[in-house]
Each structure stands twice: as C-alpha cells, then as structure tokens.
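*Asks:* Residue numbers (this note's numbering), protein chains in the order written: chain A, 337 to 545; chain B, 9 to 169.
In short, the hints are calculated from the structure, not lab data. Predicted, not measured: the structure shown is a model, and the values here were computed from it. A hint or two may mislead.
Stated by the list, open to error - Calculated lysine-lysine pairs in the DSSO-like style (CA-CA distance at most 30 Å, straight line): (1) B:167 <-> A:424; (2) B:86 <-> B:125; (3) B:61 <-> B:115; (4) B:21 <-> B:132; (5) B:125 <-> B:164; (6) A:536 <-> B:61; (7) A:382 <-> B:14; (8) B:126 <-> B:64; (9) B:21 <-> B:126; (10) B:64 <-> A:477; (11) A:539 <-> B:64; (12) B:14 <-> B:132; (13) A:432 <-> B:164; (14) A:536 <-> B:115.
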Amino acid sequence: MAELDLNNVDDMYYDVLREIGNIGAGNAATALATMLNTKVDMTVPKVALVEFREMGETMGGEEQIMAGIYLSISGDITGSIMFLLEEKSAHELVAKLMGTSAGDFVEGQPFNEIEQSALSEIGNIIVGSYLNSLSMLTNLKIIESVPSLAVDMAEALLSVPAIEFGMVGDQMLLIQTSFSEDTELNGYFVLVPDLPSYTKLLKALGVMQ
Amino acid sequence: MAEMIKVGMADLKLCISPNSITTLGLGSCVGVAIRDTSNKVGGLAHVMLPDSKEIKNNSNIAKFADTGVEELVRQMEKAGAIRSRMIAKIAGGAQMFAMQQNSSLVKVGDRNVAAVKKKLAELKIPIRAEDTGLNYGRTVEFYPETGDYIIKAVGKPPKTI
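Okay, chain B solo, but in the shape it has when bound (with noise of 0.2 Å):
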C-alpha cells in the first residue's frame, strides 16, 4: 500500500515510489521536489529561508534554500539516486501580506525561489516546473513515480505541474 509522507515547516524527506510526500500550506516558503527519472527515487524539501550563511544560528540546514537543497540530493544519492537523471519541480514563495515592511522579510518569497533557482543550477538539477510567487499559500503533493506535483490552493481548483 502506498503512503504519503508529510514533510513540515523547515523540513526535508525521501520519497520512493510508489508513496508519494506532501507538504502543506506553503506561504512564503519554497516546496522543492527532486525525483530521479529512471529509478523513482523521490524528494521534498519546504525551506524558510534563502541563505543559510547570512544567520547565526543555522544549525538546521534543512531551513534553507541552499543547504537544503544541497542536503535533499545528498540524501536521494545516498538512496540510489543519480545526479545527473534528475529533474526539480519547485512551488511556493508567497507573499501573503501585502505590507511586510520589516526590510529582512521584504520579497523573501521572491528571494527564496531565486536561492532555490540558484542551488540547482549549481548542482545541476535542470527545473521542469514551477508555481511560485503571488499572495496566496500551497498545499504540494508529489509523485515520484510519475512527476506529478499537485498544487492546491485556496478557493482554486487543485493542478497538476
């Protein structure tokens, strides 16, 4: 019987077909999911924050953009994965208030996805889809086997990317 494995805030974990992972209301944050296209091993990392390097206190690297990432395909490796078979799906990034003035928070969202953008490009992981940005939060739902990664939003019907 296939599961769903649930992924929380600053968070990361594998996914081997044919379960499938899920996170739920993404605001801000980015929801990045990783599958090897040939063996189905699977992943989803919900990072808060673009770069580990600019806190102190970064002892949770699954938190960010750059470690996370980094961290999520260290770990599909581990598990039989290769490199150079996978692909990314990426959603989220929100801002959900229109006034966030606090100048460290301002576009985080933006700024998130771009860190995300930029630690896959480096490791070479090509971005087969993405639904990012607006005002609006992201419940994602991932399938390894398959690739689909089901976005539902509020009072929107739920799609597939």
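Just chain A, same shape as in the assembly (with noise of 0.2 Å):
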C-alpha cells in the first residue's frame, strides 16, 4: 500500500474531509438540538492541517482555557478524536442542557461534577454523532471509547493528540466548527487517525486509489 504522505496532499482530500466535517457537524447539532430542544445550527468554516506550533493561536490563544473530551477509536479505523469547546461555551451549554442559569460568565470557573458528567456527555453525543456519520460514508467499523474530560488551556490539552500526531509529522488536523443556537458556540474537532487508517479513509472515500 503506497504511503501517504500528509505534507503532500491535494485540495481534494481537503474538500473530502470538509464535507465530512459538515455533514458530522449536522449530525452533531441535531442530535444537541434534540438533547436542547431548541434550533441550533452548525457551521465548518475552517478545515486546515495545522503545524503544532501554531496550533493555540489557531484555536485563539494558547492559554484559553477549554472543555476538552477525548475518546479513542478502534475498529477498521485507529486512532483518536477530540472535542474542544471554549470555556464560555461550555459553561452555557451545560446550564442550558441542565436547565440553569449560565449567569454571569467567570474566566476560570471550575465545572463541578454534575456539570462535567454533563459535559463529558455533550462531548460524547457531539463527537459520537461525528463519528457516525464519518462511518456511514465510509462504510468502515468505528468503536469509540468511553470519553475522558478535561478542562483546562488549549495548548496544554492539545499537546494529547499533538503528541499522537507528532510520531507521523509536525501538523495536525483540525477543523472548526461554530454552532449557534442563541448564541454563537465555538468548538473544534481535532482528528487523529494513524496514518494507516488515513490511507483507509481516503480509500474507502474513493478519494485515493
């Protein structure tokens, strides 16, 4: 199998994953909808391989402080996926999701457990409709592990999936994804297959003979 070579890929492969990212991404907002039992809607502005260096800047500062919800995947395909949500979208999802007021917003705020079970499941339901839809299109077997929360600065909670990544290069997948309901939430979703399986989802993509 030939290898791929992640520095060296055509827009393409690019548009492919977008796509997955809107159609995931759609998945994701009408299963919050549901969870919510409001509108909301989610948008794929941005999907770029990022060099590590740049990555907290990319998500808005390195020291911003973020909801992080990473699982691993198993299956057809290895590796893991995460889930970032800015702080402040956070706190307001799970007072909505748990039926509070969100109040006024305190930078650094600790969740506490109720609140980070809630989280934990957001992250769950948000990354597991994601996955799902990847799936479908793909037609290969995606197992997700039980999700594991975080909350703390972006750069600290991406050095997780960076350090995967960093064993096959220095960039890493990312795509941004803003949803609004009432307000607007931003969130991230950083993809890291092994290279293996990037091969098997462009393949089964048919972006890749």
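Build the complex from these two chains, which are given one at a time in their own frames, with help from the hints.
*Replies:* Okay, structure coming up:
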C-alpha cells in the first residue's frame, strides 16, 4: 500500500474532509438540538493542517481555557478524536442542558461534578454523531471508547493529540466548527487517525486509488 | 528594554539576560530551561516525545527529549555558555486525561520527564528544580538572569521554582 504523505496532499483531500466535517457537524447539531430542545445551527468554516507551534494561536490563544473531550477510536480505523469547546460556550451549554441559568461568566470558574458529567455527555453525543457520519460515509466500522474530560489551557489539551500525531508528522488536522442557537458557540474537532487509517479513510471515500 | 521570547510546541530558542523566555500551556510536553549561571546565557526547549530513535519521522529535532536538549545545549555553547556552569529546571509532563489508552501514549508525560532527566545526566547538567507530573497544564516563564522559573496553572497561584 502506498504510504500517504500528509504534507503533500491536494485540495480534493481537504474538500472531502470538509464535507465529512459538514455532514458530521450537521448530525451533531441535530443531536444537540434534540437534547436541548431548541434549534441549533452548525457550520464548518475551517479545515486545516496546522503546525504544532501554531495550533494554540489558531484556536484563539494557547492559554485560552477550553473543555476537551477525548476518545480513542478502534475498529477498521484506529486513532483518537478530541472535541474542544471554549470555556464560555461549555458553561452555556451545560446550563442549558441542566435547565439552570448560566449566570455571569467568570473565567477559570471550575465545573462541578454534575456539570462535568453533563459536559462529557455533550461531548460524547457530538463526537458520536460525527463518527457515525464518518462511519456511514466510508462503510468502515468505528468503535469509540468512553470519553474522558479535562478543562485546561488549549495548548495543554492539544498536546495529547499532538503527541499522538507527532509520531508521524509535525502538523495536525483541525476542523473548526461553530454552532449557534441563541448565541454562537465555538468548538473544534481534532481528528487523529494513525497513518494506515488515513489511507483507509481516503480509499473508502474514493479519494485515493 | 527586556523582552519575552516565545517558544512554541516542539520548538526551542535561546534567551540571553535581561530577556526572558516563555512557553504556554505545557501539557504532557516538558519545558526544559537551562542557563549558564555565570554569563546568564539561557534557553528553553518544549519537547513533545521522549525518544527520536523510536520515530521514523524525526527531522524536527526540537520535538524530542534526547535531540532537543542536546541541540539547546549546543546552541547555548555556541552563544558562549560553558557546559560546567549550566543548570537546568524542568516543568510539565502531565497526564491531561484520565484515560489515554493508546499504548504508545500511556504515561507519555512521565516518559518525557524521564527522558529529559536521562539526557541532562548524560550531559552532566544538574537539575536544580522541577514541577512535573499530575494532571494539569502549565505555562512557564524563565529568567536567565536570576534562574527564576515561574509556573502558572489554571485556578492555582503562580509559583517560582
């Protein structure tokens, strides 16, 4: 099998990933809307391979506090996926889900245990819908692990997939999603399949021969 | 006017007093700060992985503990620092998520810290202080003039080691 060179892929590859991102995010928005019982729009404005050293900046600052939900995937493709949500958006979503008022936003305000499990669930649903779309489009079996949550600086959270990806390259695939209902919420997917899985994914999608 | 130099992930830079040097949001990565105590030539490396020899794609030497620390020391020596006067301080190497099942990732923070220590011992550079492990991210600032290494974390007061 020809090995994929990630630093040397054409626009078609991005188009396909953007489209998967769109469909996945659309499904995630539907799931979120059902859960929150409101209308939720979700868009995929950006898909990019980002250099490690520029990642934090791309996401609005290395030290920006974010909630990260991390899962490993197995089955026909292996790797991991992380969904990151800006702290403010995370607080708003949790409040909405729990039917409480978000109150005034204070930066660095910790999430209590119940809020944390609500956040994990939100992440699980969003990531799950995304992976479902990917699985359906590619006909590949994708099994996800139990999600794990951490709230910390963006760069620190990103170091986890970055290290995984660092074994094959110096860049990482970042899918930026913004979804809106009453207010705009900003989230990011970081999809990290290992290199053989990339090839499998692209073949299944008909991008690679 | 002293300025603060910024080091990104998988990167390293020199810093000469009165300037200071920082790297933001260390997670499982390790920030290795070294200075010559006499002429105040210093530097900081933000290493991601323990061993360049385990990885096929290892062209970015700043990414690995073994090659990154070596390169930082080499650049410092080129800038006038003397090996026997160097001391190091290290921070980072956290485990950010409770579950990181992928076998290659298990305790990568700990392995990064161990690899940095091994390399520093090989180069005969003593470690004066460390703030490593646990489960949270750290931003660090290093001042080659005084050797102060300031650690900042979310929801915690800054500390100097």
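*Asks:* Any hints this thing doesn't respect? Which numbers, in order?
*Replies:* Of the numbered hints given earlier, the structure breaks none, since each of them holds.
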